[in-house]
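A.B. asks: Sequence:
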Amino acid sequence: ADDDQTIYVADTDNHRIMEWKVGTTSGQVVAGGNGQGRTVVAGGNGSGNRLDQLNRPTYVFVDRDQSVYVSDSWNHCVMKWMEGATQGVVVAGDQGERNGLTQLSFHQGVVVHQLGTVHVADY
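Anchor point for the sequence shown: position 26 equals 26 in the UniProt record's numbering, and the numbering is continuous, going up by one each time.
Some hints could be false.
Quick list of the computed label-pair ranges, beta carbon to beta carbon [to be verified]:
no.	residue 1	residue 2	range
1	6	85	14 to 24 Å
2	22	50	17 to 27 Å
3	9	114	21 to 31 Å
4	65	109	36 to 46 Å
5	23	74	29 to 39 Å
6	84	123	29 to 39 Å
7	2	108	12 to 22 Å
8	27	84	17 to 27 Å
Hints were generated in silico from the structure; no laboratory data involved. We put the CB at the ideal spot given by N, CA and C, even for glycine.
Please put together the full structure from these sequences, using the hints given.
C.D. replies: Shown next as structure tokens:
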């Protein structure tokens with residue numbers, strides 16, 4: 001949850017990130033999905049490996065600047081989407097699936113320190 005008590009959920013099988021604001025009874029797609037009639041902050045162009053797509057996101061982190069970090073599991077990377085961006089930036093991984101220092105295999109969680117250090121749980 002962020003400072004406004006908003007909860008973000010990675011909807012893996014639908015290739016999207018959902019936002020649930022406090023006091024609401026339904027969520028809103030904020031990343032991925034088909035983007036129609038929604039505010040899209042990441043993805044929104046179907047599943048795939050381009051910088052404007054997501055492929056089975058498993059975890060999301062939103063920092064104080066409202067940048068969205070997505071653990072993009074089938075692309076083996078973590079992407080950062082700044083507010084208003086039309087594509088993401090790879091901040092970890094994207095070197096294929098292996099166990100090297102620049103690679104991710106089965107990553108799940110991602111947390112970003114206030115100084116910008118990205119921490120990824122990869123097993």
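A.B. asks: Hint by hint, say whether it matches the structure.
C.D. replies: Going down the list of hints, with the structure as the test:
no.: 1; hint: 6 with 85: 14 to 24 Å; verdict: holds, 19 Å
no.: 2; hint: 22 with 50: 17 to 27 Å; verdict: violated, 34 Å
no.: 3; hint: 9 with 114: 21 to 31 Å; verdict: holds, 23 Å
no.: 4; hint: 65 with 109: 36 to 46 Å; verdict: violated, 20 Å
no.: 5; hint: 23 with 74: 29 to 39 Å; verdict: holds, 34 Å
no.: 6; hint: 84 with 123: 29 to 39 Å; verdict: holds, 34 Å
no.: 7; hint: 2 with 108: 12 to 22 Å; verdict: holds, 20 Å
no.: 8; hint: 27 with 84: 17 to 27 Å; verdict: holds, 21 Å
The structure does not agree with the numbered hints 2, 4 stated previously, though it agrees with the rest.
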